[in-house]
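The whole structure should be built from the sequences, with the hints applied where relevant.
Numbering (my numbering), first residue to last: 388 to 749.
Keep in mind the hints are simulated off the structure, nothing from the lab. Each hint should be verified, as a subset may be incorrect.
Within a straight-line C-alpha distance of at most 30 Å, the following computed DSSO-like cross-link-like pairs (lysine-lysine) qualify [unchecked claim]: (1) Lys692 with Lys729; (2) Lys505 with Lys729; (3) Lys545 with Lys589.
All figures in this text were calculated on a predicted structure; none of them were measured in a lab.
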Amino acid sequence: MSNLISAALISISGFSLTDEEKRVIAQSQPLGVTLFLRNICTRKQVAELCRQIREAAQREDIIIAVDQEGGRVRRLAEPEFRPYASQYVLGRLEQELGAQKADVATRDHALLISHDLKDCGINLNYAPVLDLAFDETASVLKSRCFGNNEKQAARLGKIMIDTYIQNGICPCIKHMPGHGRITVDPHLGLPVLSQSLKELEKDFYPFRMLHAAPAGMTAHVVIPEIDDKNPITQSANGIKELIRGFIGFDGLLISDSINMRALKGNLGDITSKCIAAGCDCVCYCDGIAQESAEVCKKAGFMSDKSMIRFEKIRNLFHNKTSIVNLENVAAEYEAITGQIEKYRDDYDATEVLNIMKRNKGE
388 MSNLISAALI SISGFSLTDE EKRVIAQSQP LGVTLFLRNI CTRKQVAELC RQIREAAQRE
448 DIIIAVDQEG GRVRRLAEPE FRPYASQYVL GRLEQELGAQ KADVATRDHA LLISHDLKDC
508 GINLNYAPVL DLAFDETASV LKSRCFGNNE KQAARLGKIM IDTYIQNGIC PCIKHMPGHG
568 RITVDPHLGL PVLSQSLKEL EKDFYPFRML HAAPAGMTAH VVIPEIDDKN PITQSANGIK
628 ELIRGFIGFD GLLISDSINM RALKGNLGDI TSKCIAAGCD CVCYCDGIAQ ESAEVCKKAG
688 FMSDKSMIRF EKIRNLFHNK TSIVNLENVA AEYEAITGQI EKYRDDYDAT EVLNIMKRNK
748 GE
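What follows is the structure in structure tokens.
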């Protein structure tokens, strides 16, 4: 098995690859590319962009990822794509209509999204969110959670994970080991969870129950009882003791965006520290070609263990999407979920942060 793949998920600037981006992908061989709002216009355009990425890499198995959670975080949005409810809405359905309806809607949600992603050439979704929502939870996260019930989050999360895998899309659970209690937006600062590990076991529960997921994303959060200096993403003890140990996760571990202000230092140092702590790869989101190349260089090549984890993901890409009447499934989904909030194209936390940085000349 060749390990000459960089331990980085990079990003690009627009609706098609520039010549410089083609060179970076060809020469640096990143594990994958994450698409954002700035990369998505029409269904046909996204499919062409994914084709360009594969052609540049000369690899059919290159990861092409997106955040398609539903609600406020849906990169593939109307009018080209169906509207999708937030996980918060899916979680509330159990109280309003019963567990069976919630389960059906959650399955339909993941099935319809799988078809959208496959149709465009995208093969990994940064979902489901398994964080729990608390009264104090920062607004950037709260509406993206199933709710406060850890057993419900695990049940609905499993339905999503299984449906994505069955349809050839790799799910990525987030944000490990759980940062639902954050009051600080990690895009803007570093959250600290002062609760004891015993108290946080409620937060860890959905991740423990779904530890067999093929991919997972870290949380930029400090848990002082495990490491009082480093966020989990950059904490060797946090990854070893909590994520790999207590939770039991052995899938591909992806850092949350290394561009968030929760992580301090220059891009190269941040990258190196994430890999040294035990992340299999880092996620770079600003879409600057020179920085993508730097991140790939600093991340180095995937380790043997990371490649084994990636091989499991690569195998599930071959799963075919279910042959179903999509319009019937969509009608069932809409009947259960009801009116879905209008998509807000002004809300994209990563993009907002990117714009803020550029306006300030950072």
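Hint numbers contradicted by this structure: Structure breaks hint 1 only.
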